[in-house]
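Student: Model the placement of chain B on the given structure of chain A, informed by the hints.
Protein chains: 2
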Amino acid sequence: MAGQELDLIAIGNALVDTLIHADDTFLLEHGLGKGSMTLIDVTRAEQLYRASGPGIEASGGSAANTAAGLAMLGGRAGFAGRVANDQFGGVFRHDIRANGVEFETPSAKEGSPTGRCLVFVTPDANRTMQTYLGAAIEFGPDDLDESQIARAKYTFLEGYLWDQQRAKLAFLQAADIAHSAGRKVALTLSDPFCVERHREEFRQLVENHVDVLFANEAEICSLWQIPDFERAIQATRGKCPLAVVTRSEKGSVVLAGNKAFAVQAAPVERVVDTTGAGDQYAAGFLFGLSSGRRIESCARIACLTAAEVITHYGARLVTTLTDQVMARFS
Amino acid sequence: MAGQELDLIAIGNALVDTLIHADDTFLLEHGLGKGSMTLIDVTRAEQLYRASGPGIEASGGSAANTAAGLAMLGGRAGFAGRVANDQFGGVFRHDIRANGVEFETPSAKEGSPTGRCLVFVTPDANRTMQTYLGAAIEFGPDDLDESQIARAKYTFLEGYLWDQQRAKLAFLQAADIAHSAGRKVALTLSDPFCVERHREEFRQLVENHVDVLFANEAEICSLWQIPDFERAIQATRGKCPLAVVTRSEKGSVVLAGNKAFAVQAAPVERVVDTTGAGDQYAAGFLFGLSSGRRIESCARIACLTAAEVITHYGARLVTTLTDQVMARFS
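Chains A and B, in that order, give the protein sequences.
Taking this note's numbering, the leading residue of the first sequence gets 1, the next gets one more, and so forth.
Taking this note's numbering, the leading residue of the second sequence gets 1001, the next gets one more, and so forth.
Incorrect hints may have been included.
Unchecked claim - Partial list, computed: chain A residues near chain B (C-beta under 7 Å):
no. : residue
1   : 53
2   : 54
3   : 56
4   : 57
5   : 58
6   : 85
7   : 88
8   : 95
9   : 98
10  : 99
Claimed, not checked - DMTMM-like, lysine to aspartate or glutamate: derived pairs with alpha carbons at most 25 Å apart:
no. : chain 1 : residue 1 : chain 2 : residue 2
11  : B       : 1109      : A       : 249
12  : A       : 239       : A       : 163
13  : B       : 1109      : A       : 86
For the record, the hints were derived by calculation from the structure and aren't laboratory data.
For glycine and all other residues, C-beta sits at the position ideal for the given N, C-alpha and C.
For reference, chain A alone in the conformation it holds in the complex:
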């Protein structure tokens, strides 16, 4: 594998998700902001876990989900992020490699356990995430493999990295390495509250370092502090070469240079769990881009992959969609 060109290197927090059914009353009682991601410490994580129903564990992490998705579609992906040398670290490493993703970041030898995300899925299929970063917090510039980044067409970074000083340095360094190698940099804004925490810096990033921007409606409105969606889209124009804004069942809007167009969401019979929808949208889009497809096709593939992941529990694709994707989009 080493030395081969990659379609994507994704860099982000390496996490194992625990998916738990919960109702709105549970969210209220525990002060959880529905639909958002909150960073919590180990004490709070234990307290919440104790109070919550039975769960299932599945590898997660936003950028990691995107890497796994792109590999499921037949692309070549790598991932960089930090787990501990523990059982959940073993699960994370196994799953992402089993998806065919290059993952060589060494496990943390000591310190915190592998990061975990409690994902509370409500009956309306919405998800509320409470993340204990654990070993992911230790990820820093030393964990970057320059040659891996240089041989990837796209370096994909999650906004969540900005929450930790060392991860942020790694983020900026990775973007530099990618651009120096003549490669492109993609960013997902991750979460509206993450945007709120880092708004000014994210604006600078988008305007100066990002080739492909992924955001959802709430995130793009927060970025420009414009509550009206159409006006937020106008504000995004010209800020970076390619921007893609997702709107759940309302589809997505693509801004590519002077071009702007909307794409309908793919039909879904029953939405079970929206965890990973944004991550898999990015996976489909970047798979399309890195395989040289037209922008319109990239958006269509992205809608299909997002539609697949919301029909079941968990944030990663369980079917390849390869036949559908290959046959229909040029």
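Tutor: Relative to chain A, chain B alone:
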């Protein structure tokens, strides 16, 4: 909780399942006997895991699944079995308690990690299990809480316990405690190969120590070494007060004293994963028995709970079925 009468105390191997999609070619290549459970050592477990696709983790263990299911239906259940003091042990303990099951067996302080079962689910929804017992192997008579057994209407034992000498002693002792307290003992034969390993002893058990026997078609045929189902049922008559034999989509047969009757399987739109079908059948049946329902109602409830668990991945119920069950069966 302590002191309250229980409907059920289940005793078995405490395991965390890893559910993995696999095809028949994978089973063949790795020499896995489709549909069966095989005990493997840690080296083999690591080798198989390395070779297999991405998975999801969920608490399992046959008798533990039954305890969790009975609690989901609204019954009062306890479980005894051994995990290690590690991350998977934490998951197992959390999940079963979150289901409302009393679980107080202390974690093993040292030695093997928590036991794990690799569950390979083929596209036909069949499951093939490879079990590394880990800390479960250390379960023995000292782990029994006599008073917990004495206050449970039914002590439910899995045949798998018979594979380990100390667990077997615990099994026999638990049955003695239950009977001395005027309680009933239920047994599941677990797996046809498990029956083959312990046939003579299982026959003795059924005839002398068991009040309620659960078996599937392959297991009951193996127990009496009679390949014909109808004749195997005849051979079972009179051996123990109540015997229930499940036949997948063909429903089940109940032998209660002189009475014998067949019950149709509940209709299922799409079978996704048969893992836990037998365990949840037992949960439904024992819930019915311990709540004083007619035998026919117990069998109907059992068919419903078995039908629920095969419509999704994982061996435990995700819906309570309470309304359905309560309203329809007296």
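Student: Take the hints in turn and mark each one as holding or not.
Tutor: Each hint, compared with the structure:
1. The interface hint given for residue 53 of chain A is met, as the beta carbon of that residue sits about 5 Å from the closest beta carbon of chain B, less than 7 Å.
2. Hint status for residue 54 of chain A: holds, given a least beta-carbon distance of 4 Å to chain B, under 7 Å.
3. For residue 56 of chain A, the shortest C-beta to C-beta distance to chain B is roughly 5 Å, which falls under 7 Å, so the interface hint holds.
4. Hint status for residue 57 of chain A relative to chain B: holds, with the closest Cβ pair at about 4 Å, below 7 Å.
5. Given hint, residue 58 of chain A at the interface with chain B, holds; its Cβ is 5 Å from that chain's nearest Cβ, closer than 7 Å.
6. With a cut of 7 Å, the hint placing residue 85 of chain A at the interface with chain B is violated, because the nearest CB-to-CB distance is about 12 Å.
7. Residue-level restraint check for residue 88 of chain A holds (minimum Cβ-Cβ distance to chain B is 5 Å; threshold 7 Å).
8. Against a cut-off of 7 Å between C-beta atoms, the interface hint on residue 95 of chain A holds, since the closest Cβ of chain B lies about 4 Å away.
9. The criterion of a C-beta within 7 Å of any C-beta in chain B is met by residue 98 of chain A, whose closest approach is roughly 4 Å, and the hint holds.
10. With a cut of 7 Å, the hint placing residue 99 of chain A at the interface with chain B holds, because the nearest CB-to-CB distance is about 5 Å.
11. Pair hint residue 1109 of chain B plus residue 249 of chain A does not hold up; C-alpha atoms about 50 Å apart against a cutoff of 25 Å.
12. Annotation: proposed proximity of residue 239 of chain A to residue 163 of chain A holds, straight-line Cα distance about 23 Å (limit 25 Å).
13. A hinted pair counts as satisfied when its Cα atoms are at most 25 Å apart, and residue 1109 of chain B with residue 86 of chain A qualifies at roughly 17 Å.
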